[in-house]
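Given these sequences and hints, build the entire structure.
If you number the sequence shown the way numbering that gives the first Met the number 0 does, the last residue is 121 and the count never jumps.
For the record, the hints were derived by calculation from the structure and aren't laboratory data.
A virtual CB, placed ideally from N, CA and C, is assigned to each residue, including glycine.
Wrong hints could be hidden among the right ones.
Stated by the list, open to error - Computed list of lysine to aspartate or glutamate pairs in EDC-like fashion (alpha-carbon distance at most 20 Å, straight line):
| no. | residue 1 | residue 2 |
| --- | --- | --- |
| 1 | LYS55 | GLU39 |
| 2 | LYS37 | ASP62 |
| 3 | LYS5 | GLU79 |
| 4 | LYS5 | GLU50 |
Said to hold, decoys possible - Derived Cβ-Cβ restraints for the label pairs, each shown as a range:
| no. | residue 1 | residue 2 | range |
| --- | --- | --- | --- |
| 5 | GLY28 | ILE121 | 35 to 43 Å |
| 6 | LYS3 | ALA117 | 25 to 33 Å |
| 7 | ALA111 | ILE86 | 16 to 24 Å |
| 8 | GLU50 | ASP84 | 32 to 40 Å |
| 9 | LYS96 | PHE118 | 36 to 44 Å |
| 10 | MET99 | GLN27 | 38 to 46 Å |
| 11 | ASP95 | ALA117 | 18 to 26 Å |
| 12 | GLY75 | GLY53 | 20 to 28 Å |
| 13 | GLU48 | LYS3 | 15 to 23 Å |
| 14 | LEU43 | ASP65 | 18 to 26 Å |
| 15 | GLU39 | LYS3 | 42 to 50 Å |
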Amino acid sequence: MLLKDKVAIVTGGSRGIGKAIVKEFADQGAHVAFNFLKSESQSLELKKEIEAKGRKALIFKQDVKDYNAIKVMVEGVRSELGTVDIIVNNAGILRDKALMLMEEQDWEDVIATNLSGAFNLI
Numbered sequence: 000m001l002l003k004d005k006v007a008i009v010t011g012g013s014r015g016i017g018k019a020i021v022k023e024f025a026d027q028g029a030h031v032a033f034n035f036l037k038s039e040s041q042s043l044e045l046k047k048e049i050e051a052k053g054r055k056a057l058i059f060k061q062d063v064k065d066y067n068a069i070k071v072m073v074e075g076v077r078s079e080l081g082t083v084d085i086i087v088n089n090a091g092i093l094r095d096k097a098l099m100l101m102e103e104q105d106w107e108d109v110i111a112t113n114l115s116g117a118f119n120l121i
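Following this line, the structure appears as structure tokens:
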């Protein structure tokens, strides 16, 4: 297994591309931690699926926009699983509008999630 006993953090790992990344890491032997914002039942289901493969899985209801929340998440991962070997900043949002049609709040949400969220994870 390519990632045997490596530790990975994937933001936005409960659904979509993030879920596929989490599953692939687990299939390759990694222990995986991921966060979610709204999809708790999907996260719990994915956690069980990973653990059924003999891997450790941690889930966190944390918003990547919140620096302190992400710090707590990373510290929790280190405490439970050890050194973090892989980080995938997958969380992101899209406001499907032309820039000129975006409201200020739309812009702030996109920047806070897609840019500050990446910074907060580092």
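35 to 43 Å was suggested as the range; check whether the CB atoms of GLY28 and ILE121 agree with it.
25 Å, violated
Assuming the hint says 38 to 46 Å, is it satisfied by the Cβ distance from MET99 to GLN27 or not?
The hinted range 38 to 46 Å holds for MET99 and GLN27, with Cβ atoms some 44 Å apart.
For the range 15 to 23 Å, tell me whether the beta carbons of GLU48 and LYS3 fit it or not.
18 Å, holds
Satisfaction of the hinted span 42 to 50 Å by the C-beta atoms belonging to GLU39 and LYS3:
Once the Cβ atoms are compared, 29 Å apart, the range 42 to 50 Å for LYS3 and GLU39 is violated.
If you check the beta carbons of LYS3 and ALA117, does the distance land in 25 to 33 Å?
27 Å, holds
Between LYS5 and GLU50, does the CA-CA distance stay at or below 20 Å?
15 Å, holds
Has the hinted range 20 to 28 Å been met by the Cβ atoms of GLY75 and GLY53?
21 Å, holds
Against the 20 Å threshold, does the CA-CA distance of LYS55 and GLU39 hold or violate the hint?
Holds - the C-alpha atoms of GLU39 and LYS55 are around 18 Å apart, at most 20 Å.
Does GLU79 sit within 20 Å of LYS5, going by the straight-line distance between their CA atoms?
13 Å, holds
That 32 to 40 Å hint for GLU50 and ASP84 (C-beta), does it hold up?
19 Å Cβ-Cβ, so the 32 to 40 Å window is violated.
Does the Cβ-Cβ separation between LEU43 and ASP65 fall within 18 to 26 Å?
21 Å, holds
Has the hinted range 18 to 26 Å been met by the Cβ atoms of ASP95 and ALA117?
Holds, since ASP95 and ALA117 (Cβ atoms, about 21 Å apart) stay within the stated range.
Taken one by one, the earlier hints fail for this structure at numbers 5, 8, 9, 15, listed in ascending order.
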